[in-house]
Structure formats: C-alpha cells, structure tokens
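Residue numbers (our numbering), protein chains in the order written: chain A, 33 to 143; chain B, 1185 to 1295.
What the hints contain is simulated information worked out from the structure, not anything from laboratory work.
Note that beta-carbon positions come from the ideal geometry of N, C-alpha and C, so glycine has one too.
A portion of the hints provided could be inaccurate.
Derived CB-CB ranges, DEER-like [to be verified]: (1) B:Asp1191 with A:Thr39: 34 to 40 Å; (2) A:Asn88 with B:Gln1198: 25 to 31 Å; (3) A:Ile44 with B:Ser1252: 47 to 53 Å; (4) A:Gln49 with B:Ala1266: 28 to 34 Å; (5) B:Gly1243 with A:Gly94: 41 to 47 Å.
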Amino acid sequence: KAGVTQTPRYLIKTRGQQVTLSCSPISGHRSVSWYQQTPGQGLQFLFEYFSETQRNKGNFPGRFSGRQFSNSRSEMNVSTLELGDSALYLCASSWDYEKLFFGSGTQLSVL
Amino acid sequence: SQQGEEDPQALSIQEGENATMNCSYKTSINNLQWYRQNSGRGLVHLILIRSNEREKHSGRLRVTLDTSKKSSSLLITASRAADTASYFCATVGTGANNLFFGTGTRLTVIP
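Please put together the full structure from these sequences, using the hints given.
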C-alpha cells in the first residue's frame, strides 16, 4: 500500500503570495488532517476533513483554508503569506483516530 | 489549549541505557498515542493506550497512563543509536476525533 504523499517537498515563496499544498492519503482512508510544525510552537492542528467535509478546525486565521476531493485527496491553501507562516506542513490520513499515518511534509519558506 | 507538555524537552543517553519521557495533558481523553519523528520528516505511530488501560508494551516500548494525574510516560529500554529522534505524545479528547500533540522530547542516543 502506498503511504501518504505530499507535494511539493520544498517551497519558497515571498510575503503576500499564496500557496497550495497537496496531500494524497492512503487508499481507503477518508480522514485527512493537516498540521503546522514550527520550532517555537510545535505541532499545531490546522483542520481535518472527512468525506469532503471539514469536520474539525484549529485556531488559525481565515488565510488558512483547505478542501477535500471525492477521491479523498486534500489540498490546503494559505493566502497572503507572512514570514511567520514558514513551517513544515504535515498531512496525515487515518481510518479512525487510533492511528495517523503522516506524509513527509512540505517545508515552506516565506521570504 | 489542549496541547500537552512533555518532559524533558531534551534527553541524551548512552546506547544500552533506558530512556523515559513524560507527557502531561489537560482534558479528559479517549486515548493517548506516542509518535516518533526523525529530523524534518513525518511522524510515525508507535503505540496507543486507551483511557481504561494503565500500561501497555510493544517490543522495547512500555507506556503507562495515569488518568487521575493526566499524565503518561514512555519508556524505551536498551536504547540504540537508531532511536535518536523526537518523541511526541498525542491525545484524542473524549467525544473528539482529532489529535492534539505535545511539545515533544528530543532524544539523542550516543553510540
């Protein structure tokens, strides 16, 4: 079974731009979660999608959004990038919340 | 915030020694999980303990849970250099279906 795939692996953007990150979950997993990881804040929960519906949302501004497609693939979008958005963005899929499978992440640098 | 805290933040031991990491959390939980992260990569699920369990073993891993103190510990016995990584606890709240991660413990095992 293929694991969780995140693209791109690295991304460099400038302030004010927007970015879209992609996540392909493990086949059969309908839940996809997104996390932001920074050295100072640790792993922060962004949102979770289940069967194309956002089921949970963390405490992030509206510049952070996401969606899930009918094939369970998910994208997250960050608009009007700020320097503080530089982070490792991790996607995880699961069948239930007893075990999350993580991708390798997208390392975003905002200059 | 539902985020847990881990103690110590960093731990350095010799190969063959045991490593113990602690996690404290704030709300009632359904289960608690431990994950491992190698530098800059995705997280890997290690073990899950349910709220009605007190201890669980998996290979060289031993996890305990004390719900009255809202705390858990992870013991890695006979550590190896390959165990060098960051270790995170994560909780699923009662009635919730998303994971909140602790701040992590950086373990270094010296050969």
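Hint check results:
no.: 1; hint: B:Asp1191 with A:Thr39: 34 to 40 Å; verdict: 36 Å, holds
no.: 2; hint: A:Asn88 with B:Gln1198: 25 to 31 Å; verdict: 42 Å, violated
no.: 3; hint: A:Ile44 with B:Ser1252: 47 to 53 Å; verdict: 48 Å, holds
no.: 4; hint: A:Gln49 with B:Ala1266: 28 to 34 Å; verdict: 39 Å, violated
no.: 5; hint: B:Gly1243 with A:Gly94: 41 to 47 Å; verdict: 44 Å, holds
In this structure, the hints that do not hold are numbers 2, 4, in rising order.
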